[in-house]
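Chemist: Residue numbers (the numbering used here), protein chains in the order written: chain A, 6 to 578; chain B, 45 to 124.
Mixed in with the good hints, there may be bad ones.
Below, computed lysine-lysine pairings styled on BS3-like, alpha-carbon distance capped at 30 Å [to be verified]:
#1 Lys75/B / Lys112/A
#2 Lys62/B / Lys186/A
#3 Lys75/B / Lys329/A
#4 Lys422/A / Lys549/A
#5 Lys193/A / Lys60/B
Rather than coming from a laboratory, the hints here were simulated on the basis of the structure.
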Amino acid sequence: MRKILLMGNPNVGKSVVFSRLTGVNVISSNYPGTTVEFTTGYMRIGNEKVEVVDVPGTYSLEPSSRAEEIAVEMLDDSIDDQNTIIVNIVDATNLERNLNLTLQLLKKDLPVIVDLNLWDETKHLGISIDVGELEKILNVPVVPTCAVTGEGIKELVDRLLEAKAMAYEYQEEERWHEIGKIIERVQKVSHRHHTFLERLADASIRPLTGIPVALGVVYIAFKLIRFIGEGLIGYVLEPIFEKLWAPLMMKLSSILGSGGFIHDILIGKIFEGKIDFGQSFGILTTGLFVPFAAVFPYVLAFYLILSFFEDSGYLPRLGVLADKMMHQVGLHGLGIISMMLGLGCNVPGALATRVMETKRERFIAATLMAIAIPCMAQIAMIVGLVGKYGAKALMLVFGTLFLVWIVIGILMNRLLKGESPEIFVEIPPYRIPYFGALVKKLWMRVKGFLREAVPFVLLGVFIVNILYSLRIVHFLSKLTGPVIKNLLGLPSGAVAALLVGFLRKDVAVGMLVPLGLSLKQLVIASVVLAMYFPCAATFMVLVKELGVRDMIKSTAIMIFSTIVVGGLLNFIL
Amino acid sequence: MNEVLIDLTLLKEGEKGKVIDIQGGWGLQRKLEALGIRPGVEIVKVSSQLMHGPIIIKIGNSQVAIGFGMARKIIVEHKK
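Next up, chain B with everything else stripped away, as it sits in the complex (with noise of 0.2 Å):
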């Protein structure tokens, strides 16, 4: 099995990923910490948008809008 870190962009629709890491500051990891997302959680790809819209993720039985570019700052590691 290969593992793949690459950011919640890159993920297809339907697969699954661990985050592994946010890229930003202090205050972008609490806000997505309140909303469960945080470094061990997995997550599942549920959709994305025409041209660079929101991204929207399966997270326990909730789901998620994110904004294109603050999608690109969550890390996961994908296993193909």
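Same shape as in the complex, but just chain A (with noise of 0.2 Å):
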């Protein structure tokens, strides 16, 4: 099948282009042992279908990043196959540094086109350029678009089969004098004011106006990602299970026997003839229920706005005012989108720590948050049931969780060998995200999401059954129950609530309330449960970003705090 690369500098409208091109059916990839991602889709040309790759953004073919790197393995993959045409898409705003890649492109064996993108914003900027003339000089197809406005896009793929390979000789050496050259025959730039937005950005950025911004909107953020998963919960997906699934599972339930192995395998317990979502424990009932009914409506919600912050341009702003503070506990600016997310929901957060360069980083970022970022439905449970002691008792709760990221994360710093890179990252200028490329990232994420967290919340779901039904429960109970009384002073009884923590901290929480526990023990109890091991569905998605040995380490880090963290505040309180 004939090849699309679409190659350019990072922010410059590729995935636009990408969705202006492609279809629904979009995949997103990893390069094989990496955690660097890429999205294919297809589109068509007359009537041939035709693979679009969106490589990921690259600044040059002499890498220096591992996204870099594999940007050029997917270039030189392709020299060999005849079919393969690159579009090049170069910011119109920012021409003299984009042909950096774009000479470097002309000199392989593939045919190139050029789409000059971002034209739109050439004359707000003042900048004028000869297109006539850049396509003379380079001799290949130029081919000016607006991918938010489609603008130019129908030319562009009309005059894909126009590509040229190796069109442009140059020395090595002088390809920045080149560059200077055809910059200077090509492109005017006259004065203009600063627009609101450039001025905005500016405000954005300095600390003093900055950080309350931030502070805004992380704010705003956190409130629409709860509005938008409660109501996607308590309009859509509950209703859904209570008025559509839950019959039919009392209808299976009956033809099962109302009990027995199998039925308490696929269905659960059965609580006064009704089924309990959150407690009945069957693979069909709490199996399904957790991800979709609970987490998912959340998944959602955050990765609606995360694409927003992505694509409007200010997550990178974000990671710079962040940056100081995070480099105490050995991460990048960056890593606080992981601390974000965790909020919401730990496996966002978890998958977030992709951004972070090293392994180091991946480390620190993963653990941290799985220690002490309790997500959003643990945190709701916690406000219900501790709450109703006030203000104080909630402080207790979440204050010392926040400790706990300091001081773990000091010590992790500090101990870790190996030096956290400093911040290096361009910051685009904000511009209004094109809805459609939103969507499809959204689709692509979700999807993604679904196939990665619903076989292991049933695998998960059917372990704990197995668990029980073997006494496996009981027998644990017993074995720690020394630890568990002594230390934490918690009766052993909470053991049955740990146990259900590793598949659903709210859940858990949930099982302390028949336990008749004291403030102390209520406080204990609740940051034992955020702490001591990630939910099923998190444990999951951190050994494949993690990969087995660094997940048994962070594992070991989050029992042994959370021993020392539990027993201190038995001292303490």
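Reconstruct the complex from the two isolated chains, following the hints.
Modeler: Here's what the structure looks like:
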């Protein structure tokens, strides 16, 4: 099949061009053995079906990061393939820097066509580019486009087959000099005033104005995520489960004889003749309810807000503001994304550790997030349970977790070998996100989440059931009884909650209710539940992201610090 | 006019400077060059963060955030 590689600098609108060219059938994949993502889709040129690949953004074919190495590999893999066309997407407002990659691409033995994107912005910036002259000099088709409005895309597609290989000769050492000469012949810049968006951009990164803006933005983001998440749960998913699925399950239950091994595995326990999706623990009941009705709405809401943050250009600014603080715990400024995401659901928080460049940073980010960042579902339950004792009680729980985050972060930073690289990132101008690309990205992420989380939650429910049936729970209760009772000051019945917490943290917190705990015990139990181990879905994602060895190390840190902190709390309070 | 050679962290907000030298190895130079930061190029300092946080500069029409340690290795000529 003919293949098109979209190559260009980061932030030039590649994904927008991609979403303009491709249909609904898009897949996001990881380059094997890495955390670098690229997307593939399909389009039609005439009658022909063509594969379109959105290659990771790269500034140069002399790579200085893993993502750039992948881009180069993808390019080299296609060199012998006669059917590949390179669409070099260039930011027309930064022609000089973008031509660096263009000239390198023009030397390769693959046909190239240049897409001069963000064309509309050149007018606002007082830049005028002689497209015809540029095309003459470079000897390949040059098509100005504004991917967001779609202008020029048709011409781009029409001219795809005019792409030429090895079109432009120059000396390697003279590349920047060549670029300078081209710019001089082709581009004119006239003075213009700062636009409002530009002034906003500067304000949002200068610390004095930037920090309040960041706090405000983050607050609004949280509110929105809760709103969308709760809305989806309350108005769409819970009704579907209660009104449609539950009756079906009850029928299945009676078919299976309302009891017995198979019944309990599939449907779980029946409470007063009804299914309780939180407590029944059957694969088809709790196993489906948890990922679809409890977690998915939040994940959707999060990815929506995150995509907006990414595409608008705010994320790198947030990373810059947080960078100094994050370096205290050995992380890059962008690590704050993991933490923020983890507050909604630890699963996207774990996935977001991919933005970190080094293994060390990914380890620290993942461990910190799993230990000290409780997910929204958990937070809700804790607020419900502990909140009635007043704000001070809540401060105890969340304040402790915050302190744990800081202390463990600083400790890991000191003790783990290696250094965290300094921040070095382009800050794109603020742009209004293109809705089509946003929706496509959202769709891909949601698909990915469902594909990854659902099987593992089902597996988790299954395993917990087995553990209960085989009386392993009771055995473990006796085994860990001394630690739980003496060190943590909790009744041995809390073990059941800890076991459930392996699957779902919010359900686990709920299981504390019948235990009749004192406030002190509630605080300790809440903190312990948040810290000791990630929930099944998060655990599975982390194993994938960190690898088994690092996950074992991470888990050891979690369990150890839980015992220490729990014991300390028991002693102090 | 006075021409002073200083490192990027000493440039004040809004001031222009011409990059003269990168005091680092080949890896650093290549990384910076990818974003257009190389000797001969003019940049404008946009902001700095509290307590030796990252430096933001404007180069051409794009902005780049550079860690403090890295910024210290970029020597610019500043016309007072």
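Chemist: State for each hint whether it applies.
Modeler: For each hint, the structure was consulted:
no.	hint	in the structure
1	Lys75/B / Lys112/A	21 Å, holds
2	Lys62/B / Lys186/A	19 Å, holds
3	Lys75/B / Lys329/A	21 Å, holds
4	Lys422/A / Lys549/A	22 Å, holds
5	Lys193/A / Lys60/B	21 Å, holds
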